[in-house]
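Engineer: The chain contents come next:
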Amino acid sequence: MDVRTAKKKFIGQRITRNEDPRLLTGQALFVDDVHLPDMLHAAFLRSDYAHARILSIDTSTARERTGVVAVYSAEDMGDFWQEGPLLVPPPTSVEGAIFHKRGQIPLAKDKVRHAGEPIAVVIAHSRYMAEDALADILVEFEPIDPVINLERALGSDAPLVHDDLESNLAAHVVQEKGNYEEAKAKADLVISRRFNIDRGAAAAMENRGVVASWDDKAQELTMWDTTQAPIPIRNGTAAMLGLSEHQVRVIAPFVGGGFGPKIMMFQPEEVLVPWVAIKLNRPIKWIEDRRENFLATTQERSQVHDSEIALTRDGRILGVKDIFIHDTGAYDPYGMTVPLNTQCHAMGTYDVPNFYTEVKMAFTNKMIVTPVRGAGRPQGIYVIERLLDLATKELGLDPIEIRKRNFIPPDKFPYEHNIIDQAFTPLILDSGNYQPLIEKAAAMIDYEHFINEEQPKLRAEGKYAGIGIVAFIETTGVGPYEGARITVGASGQVNVVTGVGTQGQGHFTSFAQIVADQLGVEVRDIHVVTGDTAQFHWGTGTFASRGAVVAGNAINAAAGNVRAKILKLGSKLLNVPEEELELAEGQVRVADLPEQSISLGELAVIANPLRGTVDPGTEPGLESTDYFGPQYGATAAGVHAMILEVDPETMMVEIKRYVTVEDCGTVLNPLILEGQIQGGVSMGIGNAFYEQLVYDEDTGQLLNASFMDYLIARSTDMPPRIEMGHQETPSPLNPLGSKGAGEAGAIPVPALFAQALENALADYNLEILETPLSPNRLFELLHKKEN
Amino acid sequence: MSEFATVTVTVNGTEHQRLVEARMLLSDFLRHELGLTGTHVGCEHGVCGTCTVLLDGESVRSCLMFAVQADGHQVTTVEGLGTIEEMHPLQQAFQEAHGLQCGYCTPGFLMTLLPFLEQNPDPTEEEIREAISGNLCRCTGYQKIVEAAKLAVDKMAAEG
Amino acid sequence: MKPAPFEYFAPNSVEEALALLAEHGYEAKVLAGGQSLIPTMNFRLAQPAVLVDLNRVSELFYIDPYPKSDGVTIGAMTRESQVEHSSLVAERAPLVSEAMPHIAHEQIRHRGTFGGCMAHADPAAELPTVAVALKANMKVRNQSGERWIPSEEFFLSLFTTAMMPDELLVEVAIPPLPPRTGYSFMEVARRHGDYALIGVATTVTLNSKNECEEARLVYVNGGDHPFNAQAATGLLKGQALTSDAIEAAAETAAAQDVEPPTDIHASADYRRHLVKVLTRRSLTQAAQQATGQGD
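Residue numbers (the working numbering), protein chains in the order written: chain A, 688 to 1474; chain B, 2 to 161; chain C, 3 to 297.
Bound conformation, chain A alone (with noise of 0.2 Å):
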């Protein structure tokens, strides 16, 4: 059944979660709630330099404190210490590209790389007393120069990183289309501006965990993981451990969200914990804290451009060049999906017909950037839109009509860009229709009527007030695959088991609607299991917003198989063709007899006879796999406005209004839909005016590891109302029509926080550069502008 023509009843309604109940009172499990007899915690001595040489490390006093077990370092490993793995390969189809691999290591050994880095592992009775021992663990440091800023990372004079390389430069790689000199020089226009884009964290409310527990009869081990990967996790630690897969069970219960960070893989505390398990035979216990979390916990988004853009005086796009400084971190795990993210967005919605782009990775002594939502999505169109924004200044032109006049047309989709995209296929946008949501984000937010008449009115009352409208893609829904299996059970109840793991996105809910509009059985009867190994093994997991859009599609596609099951069985049964048939209310029944009827739980148990004979190739029950892998990924897009209000003299900014209009093509569920855009925007926000991850030039010290210094939107801090308007642009690559949304929310908020800064300040002719911003540095900026 194509869902995308077919009468949807569940499909697009806005149905409340089944998950709710049981994480409403208290009753979910989250993997710190897991509690085994005999367990005990973990703890982590972590370094205090960014950079420095291990010249000792003693253990012995903290091992003989009372309630301490055990107590490891790099040493103690013997050969289980290893570099981790390449989790992400580099662009190797990218003429050209230089990638030099350096994994995360499990503990530092004779060098740490940046602050935070965990040295040894302290095995206790309970986790105060494991942190008491810390205290008695002895290092002795030699400090090492930190490299910090990005230029100066690949630097000649630069300590390095990594001392077996010649330099910091951990990759580089140049993608072109057409040819930008060319175009430059036919251009009437051409601007060049420097952007610098900083840190921030994820910072999920819950932080990581994992929690390890070995049968030595069953020979099994369990661990429960705050992973958004669990199949990878469970093959990977199977490999390391030298145990089979199906000796190994990742379970990744309740998760209190994701972002990111928690798709990072085989990072130190994952890999050392269960190998302690086992070691000592008892069930270990890591969680980590918000400090640790801050500290050791995946980041992401600073990048240096130096970004040029070619025009035509009627403002159109050229050609565009790019060349950045992508900050990696101390190790470079995860390959190059951020910057090539990056690379891939900085041509944004627009028909660019040259595009240079050139990034070179360095190594620096911080924690390692691996994707926070948006993974270098944001930063891409932060250059491009910021071009445009400036480039209307010097042609005359306002923002709407420099963007409509660029917008890639409806009718030149699939829209190919020629560079390779992070999952190594040629960017090409799937399909899209770009001006009707500039024009409903304006009609939405009353652009012209602001501009000509509101904010005129409220200058003269001496209030700064300004006006933003920025446009964005968002590749999504990316492969390689997912999968699922369907099984409907003899009460009735269908079981549904997909690979992905889930953090609130509501998985348990929307996949249920899409079975249930193939099997015309309620939501609330429809049980979903998620993130658990020893139900399902095949998948890569949550991350790039490709959730509901592959493993949506491989439970479509298994709930038709067993759509077709209940036609062919309910058709010999009733004794009429399949066509006469429904599925509705949990039955098969012909459709104009409706009392002729089967309940596919009776249905289930007929198709799984305990006796007798079956024809051969039947497969029992009611039950199929299915999986669902696309050809590329399919693009997202859309319009985000706003309008905010500075005061002039405190710097202190407000949020009046705030407008998304969002294509995510087919909608499985528009509440849930809705959550995740506003969710990102409060991100965005964060993102553009909030949070900024500081790190001390000359001690490589992050010097805001906590909540009272990283500041998160609070509810006080949101605009009054984020409107949503929503545009469906079905995608052709998958049956279902989706795209992801998850990433959206957040990705044009620095932007845009931009332009209608400038529009709210045009009397000081401000041009903003950097983000993220705050009070402190608009103050600075503007009394730059002042002297």
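The hints are simulated quantities; they were obtained by calculation from the structure and are not laboratory data.
Since the model is a prediction, treat every value here as computed from it, not as a measurement.
Yeah, the Cβ is synthetic: ideal placement off N, Cα and C, and Gly gets one too.
There's no promise every hint is true.
One-sided and incomplete, this derived list gives chain B residues near chain A with beta-carbon spacing under 8 Å [as the list claims (entries may be wrong)]:
1. Phe-5
2. Gln-144
3. Lys-151
A short list of chain A residues far from chain C (calculated; beta carbon distances all over 12 Å) [claimed, not checked]:
4. Pro-1040
5. Glu-1045
6. Ile-1138
Let chain A serve as the given structure and place chains B and C on it in line with the hints.
Structural biologist: Only chains B and C this time, still in chain A's reference frame:
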């Protein structure tokens, strides 16, 4: 040894007595001594509000109290609010309005909103936002939490 | 982030508490609301060997009228939320009531104590600033007896008060404002409930000619402890509170009186700028309120 102390505390109407280290945080006591894992831990420095519980009916950060300080007091956690079969109108409102995504911060919001709504049966949206300004959420952007609170106002009024 | 072990005592009276402090000296730390102390203990930045928990010392929980005056006395262990909702405080020390909602969030104020906040002496906190603005007096006690320390002498520097290690703050006494006094509390913070980048507690007392009899300008984060801005308030004495006079005072306060810190949230320059802006705004508000009062 005065590093330990006895705490006798009534949690959700049931009295418990334990001998614990004085330094054990109330959040850890509730979760691991009493097995009431509905109260979650987000930061252990009093900013995120995830660990919010009621002490004698008032919202407090359980990570900023030692368990022994609760001796002789009444504590209410999310488990005392309702059950899966019979949710409190506030919990029902959260489900209907999609006021939670990952659910980790949610118990803290519920225990903050409960006394607030009981004492302010007709709050403005601004007042609701201020009431929850001490609780961080990373998933929702707060909008649907505010909507859930407004819906709860109606539901709680209907219950009388 | 679990705290280090400590010996725990929960006395029931001030006398018992003082005996414990005398016995354990520098090893002991007083636990009042815990909203500042416990986070630092969880981070292991503070690792006191002994904790003296005052939460059972019921004699320190009170809000009473000041004997024979229109002032108010607040017991050191009174919860911030009690002070916030007290009609007696609203009537007799309204500047305190104005400042209370700015202190962190409700959950913190349910445990945090009025005296604990004073004794902690964080220049970024609101209450020490308000105490100095209102010329509050601090009653401290040790085993030898009691003494009063005027608030201007109580806060010495960052986290440091004039108390000795064996002394406990037991009460804050707030005198009434003189007639024809207007007041104002303002702060600029990154987010609602955050520590202020800069805040100001202002009082303006007018004479019969509507000139400034006395002004007090005390800042949150204006230095390592709260103090009255001498130069700025000196300028205003005897002056009519025109916008020029107010502007001059604002500039003087920013340029001469304050020494604000630079940290990751704000530079000293930006903070000085905020001092100027908030001084002007709060003086204007306080002056308007004072003239509105009549005699």
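Engineer: Does each hint hold? Answer for all of them.
Structural biologist: Hints and how they fare:
1. Phe-5: B:Phe-5 check fails; min Cβ-Cβ to chain A is 13 Å, beyond 8 Å.
2. Gln-144: holds, 5 Å
3. Lys-151: violated, 12 Å
4. Pro-1040: holds, 43 Å
5. Glu-1045: holds, 32 Å
6. Ile-1138: Label holds. Min Cβ-Cβ 29 Å, cutoff 12 Å.
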